[in-house]
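First residue of the sequence shown: 1, per the numbering used here; consecutive thereafter.
These are calculated hints, taken from the structure and not from any lab test.
From the three backbone atoms N, C-alpha and C, an ideal C-beta is built for every residue, glycine too.
One or more of the hints may lead you astray.
Listed next, with one range per pair, are the computed distances between beta-carbon atoms [said to hold, decoys possible]: (1) R34 with R68: 33 to 39 Å; (2) P5 with R76: 35 to 41 Å; (3) R7 with A65: 29 to 35 Å; (4) R25 with D48: 14 to 20 Å; (5) D71 with A23: 26 to 32 Å.
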Amino acid sequence: MPGTPLRPILQRFAFDCVETTVASRAAVRRPEFRSLGLTDAALLEVQDDDSLLLTDDLYVASVSAGRRAIDFSHLRVA
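Starting from the given sequences, assemble the full structure and let the hints guide the process.
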């Protein structure tokens, strides 16, 4: 990745974004934890009504939880 135009974009994003912390105990209380694991359950825990989740594997879980999601796996260019 050195020398690519992506690095400055990621750097700007890191400075501009608001990071949210999810306690593990909150994530493991979610019913999805047993099937999805800690990280995915934490993503679902932090997602609110104003969030749009871009995913290739959490679409069904997010929509089932009443949230908005886009499954980008079918958008990939072959």
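Okay, the hints, checked on the actual structure:
1. R34 with R68: 33 to 39 Å: This hint is violated: roughly 24 Å between Cβ atoms.
2. P5 with R76: 35 to 41 Å: Given a distance of about 20 Å, which is not inside 35 to 41 Å, the answer is violated.
3. R7 with A65: 29 to 35 Å: holds (34 Å)
4. R25 with D48: 14 to 20 Å: holds (19 Å)
5. D71 with A23: 26 to 32 Å: Since D71 and A23 have Cβ atoms about 28 Å apart, the given range 26 to 32 Å holds.
Comparing the model with each earlier hint shows violations of hints 1 and 2; every other hint is respected.
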